[in-house]
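Chemist: Here's the letter readout for the chains.
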Amino acid sequence: MLFYTQFFNIRFWSFVRGVKTSVRKRWLETLVPVSIMTGMLIGGYKLLLWGAIFLLKQGEIGILLLDRFFYLGWTIIFYLLILSNILTALSTLYRSPEVTFFMTSPISHIQLFRAKLFENLVYSSWAILILGIPLSLAYGQVKSLSFVKIALFLPIGLIPFLLIAAAIGMCILMLVVRLSKYFQMRSIFLVLVVVFAGLFYMYFKFSQQDTLLVGVSGNFRTISRYMGNLAANPFPYIPSYWLSEMIIDFGQKDWSSFIYFIGLMITTSLVAYEIAGWIAAKNYYSSFQVMEGMNTRRKRLSFRSVSNNSLLSFLPAQYRALVVKDILQFVRTPQQWIQFIMFGFFIAIYLINLSRADIKIARLDPFWQTLIYIFNFGFSGFTLAALTSRFVYPLISLEGHGLWVMLSAPMQLSKLFRVKFWMSFFIFFTLAEVVALVGNYYLGQDTTMTTISTLFLLVMSLGLVSLSLGLGAVFPQFDEPNPMRITSGAGGIITVLASLVYVAIMVGAMIYVFQLWEANQWSSLMGWILLGISLLNGFVIFLPLKWGKRVLLKTSG
Amino acid sequence: MIQINNVTKRFGPLTAVDALSLSINQGELFSCLGPNGAGKTTTIKMLTGLMAPDEGSITLNGVDIQKEPVAAKRLVGYIPDVPFLYNKLTGEEFLTVVGNLYEMPGTEIQKQIIVYREQLDMEDWFEQQIEGYSRGMKQRVAFAAAMVHEPEILIIDEPMVGLDPRTGRRMKQLMRDKANNGTTIFLSTHNLNVAEELSDRIGIINRGKLLSLGTMAELRQDSNESLEELFIQLVDESAEDTLAKKPV
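One line per chain: the protein sequences are A and B, in this order.
For the first sequence, numbering that gives the first Met the number 0 begins at 0 and goes up steadily by one.
For the second sequence, numbering that gives the first Met the number 0 begins at 0 and goes up steadily by one.
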């Protein structure tokens with residue numbers, strides 16, 4: 000018990016003192032992320048409320064759709080929570096100097112695991128709840144549940160919900176690390192991703208979630224039948240279903256069902272906690288010992304083998320050295336490539352969904368056409384923003400204190416930026432373009448639309464990479480080796496928000512340009528829009544990089 | 000007493016520690032010398048329970064570190080080359096945390112804090128948060144943390160990093176005093192002067208094998224070579240042996 004008290008005391012006081020120092024010395028840096036978080040919660044709530052009210056206005060189908068979306072939202076959150084817990088646990092359970100410190104102290108590893116489980120739960124859940132809380136509040140609002148009522152009962156369901164996801168995620172990771180004694184960790188994760196993708200596909204296939212997109216075909220009678228069928232057969236064995244049922248029952252004052260689901264949630268979470276403890280008792284210490292030796296025993300991709308690759312041979316020596324260094328750093332940081340694979344997995348799910356939906360743009364009303372254009376282009380844009388904020392933003396910070404090597408080398412700092420910029424641009428533009436082109440293909444969009452969206456994506460890729468790279472240099476965190484924590488810092492949040500606003504403006508502009516193009520309404524307004532877009536992109540592409548370089552030179556000098 | 004029995008640790012094709020057997024008596028200050036990659040850190044990680052040996056066993060005062068890790072760790076104080084400290088705690092708070100982890104009574108912790116605050120010359124900044132400390136100050140706190148529970152065994156990895164000459168001297172004296180009072184010390188270092196000055200016995204390892212073991216006089220035998228010359232000679236010979244054994 001004393002250990003738990005100590006453990007959480009340290010966290011509490013470290014947090015309080017950290018906040019005090021921030022408020023006293025860096026109040027602006029503290030105020031900005033707090034305001035952004037608040038803005039995201041309120042904005043998310045308003046947007047979801049608007050969506051919910053829109054659906055309710057569609058009559059019976061809208062009500063069913065609303066319930067389905069609510070359930071689907073929590074299901075996605077549940078899967079994201081498991082993934083997030085796996086990734087976060089790599090740091091909290093294994094690759095942390097604090098764990099090494101405790102492992103050399105006379106602390107039972109089961110106690111340490113249990114304490115770390117709650118820490119992991121907090122680290123991996125708070126960001127995802129920015130989606131979950133507005134979702135529940137908006138849903139509660141249209142179901143006549145006040146904020147107070149939601150605030151009173153949501154934690155009762157939410158805490159066990161988060162605990163189940165944390166226990167599952169951490170158990171998966173312990174088993175993966177244990178197995179990595181016999182197989183390459185990369186191969187195990189790849190198998191895991193394939194299994195996860197398979198389960199996800201089966202889930203969509205059997206619960207017919209993917210055919211939800213049929214809704215855009217406008218055949219409401221089909222949807223009605225489909226929804227009726229769907230409402231009778233939801234997938235009842237996952238906690239997201241219990242949580243959404245709890246909220247629905249609470250709204251409908253169906254107390255017996257409410258108590259049943261809340262009981263189910265709490266008992267399952269207690270069982271999950273116990274099972275995780277049991278697995279940890281057998282595996283945590285030994286898997287920690289396996290992980291300790293991991294850096295030494297792997298036969299790695301060598302600098303020479305990457306550098307001699309013919310694909311890079313055209314690069315001058317300095318550029319090649321920087322590119323190879325970044326590739327090796329990426330490949331050797333599990334948090335990086337695992338999350339990259341996860342992104343790929345979600346993109347694949349989206350494209351599979353599109354391929355199965357059998358939507359032909361030409362057959363639809365103009366309203367639905369526009370909606371799909373927005374959605375597909377927006378999806379590519381927001382994917383690009385998420386990828387650049389997550390992977391490009393930490394690039395400068397990850398140079399760590401080794402940056403002095405670059406600064407003292409006979410080359411200009413701009414070369415470092417240039418390499419990171421073009422490498423990131425090439426990778427992420429290609430990815431976004433693949434998503435957009437495959438999406439366009441399945442939607443049967445015409446050449447004009449495809450060309451316009453390609454051009455917009457090209458410009459957006461330049462802008463988003465510059466924004467993330469530049470702001471990453473403005474807010475560097477050289478002491479933090481974990482890229483996920485770098486991204487979730489104040490600068491990271493500012494970058495995400497700036498990227499999202501930029502994408503939203505570009506998506507809006509593209510829709511407007513396209514509408515004017517379709518209607519042959521070329522006017523002076525169109526000229527102004529294009530001028531505005533050019534100016535915006537001029538700023539976004541050049542300014543952050545220039546700013547970043549200046550700040551970096553100033554801070555390191 | 001530290002007993003290392005035929006311990007082997009492999010990382011894929013690399014044998015980091017190769018059938019190492021060693022016995023360090025109570026109250027003995029043992030220095031482990033070796034070039035980079037010799038297997039010193041792997042040995043320390045196995046001694047502290049951070050890694051499991053593939054073969055062999057390690058006992059600390061008769062307690063097997065693999066079979067009873069918690070009981071074994073209770074006997075040990077460990078100072079890593081890069082110590083972990085909580086930046087937002089003060090030096091005093093950190094020592095209290097460590098004392099509690101070792102389940103020491105509160106009064107005993109306070110007593111020890113006063114002792115080490117004075118011995119390690121930490122009075123002026125002990126109530127400041129650790130994030131403001133210099134490297135040397137952090138090293139001193141790590142020393143105090145490893146000794147606060149009066150361990151029977153001390154395992155120290157590169158003790159002199161970041162210390163000014165005055166504090167370095169003080170640390171050396173402290174280690175020697177501890178050994179004289181019955182604490183068993185396993186010291187891993189590159190600093191040959193420290194090893195020569197402090198150690199009761201010295202072991203030189205390379206490529207996971209113990210090349211030489213004995214007191215300074217035993218190592219020198221009849222020659223007048225310095226420890227530095229002996230060290231280089233032994234390591235070079237071992238490298239040549241390995242090359243000769245490699246199939247052509």
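No lab work stands behind these hints: they were computed from the structure.
Errors might be hidden in some of the hints.
Stated by the list, open to error - Here are the simulated lysine-lysine pairs, PhoX-like style, with alpha carbons at most 25 Å apart:
no., chain 1, residue 1, chain 2, residue 2
1, A, K324, A, K56
2, A, K324, A, K414
3, A, K324, A, K142
4, A, K19, A, K180
5, A, K56, A, K45
6, B, K66, A, K281
7, B, K66, A, K19
8, A, K324, A, K548
9, A, K142, A, K56
10, A, K45, A, K148
11, B, K66, A, K180
12, B, K87, A, K19
Chemist: For each hint, tell me whether it holds in the structure or not.
Modeler: Each hint, compared with the structure:
1. K324(A) x K56(A): violated (55 Å)
2. K324(A) x K414(A): holds (14 Å)
3. K324(A) x K142(A): violated (54 Å)
4. K19(A) x K180(A): violated (44 Å)
5. K56(A) x K45(A): holds (17 Å)
6. K66(B) x K281(A): holds (13 Å)
7. K66(B) x K19(A): violated (44 Å)
8. K324(A) x K548(A): holds (20 Å)
9. K142(A) x K56(A): holds (13 Å)
10. K45(A) x K148(A): Roughly 19 Å between the alpha carbons, so the hint for K45(A) and K148(A) holds.
11. K66(B) x K180(A): holds (20 Å)
12. K87(B) x K19(A): holds (11 Å)
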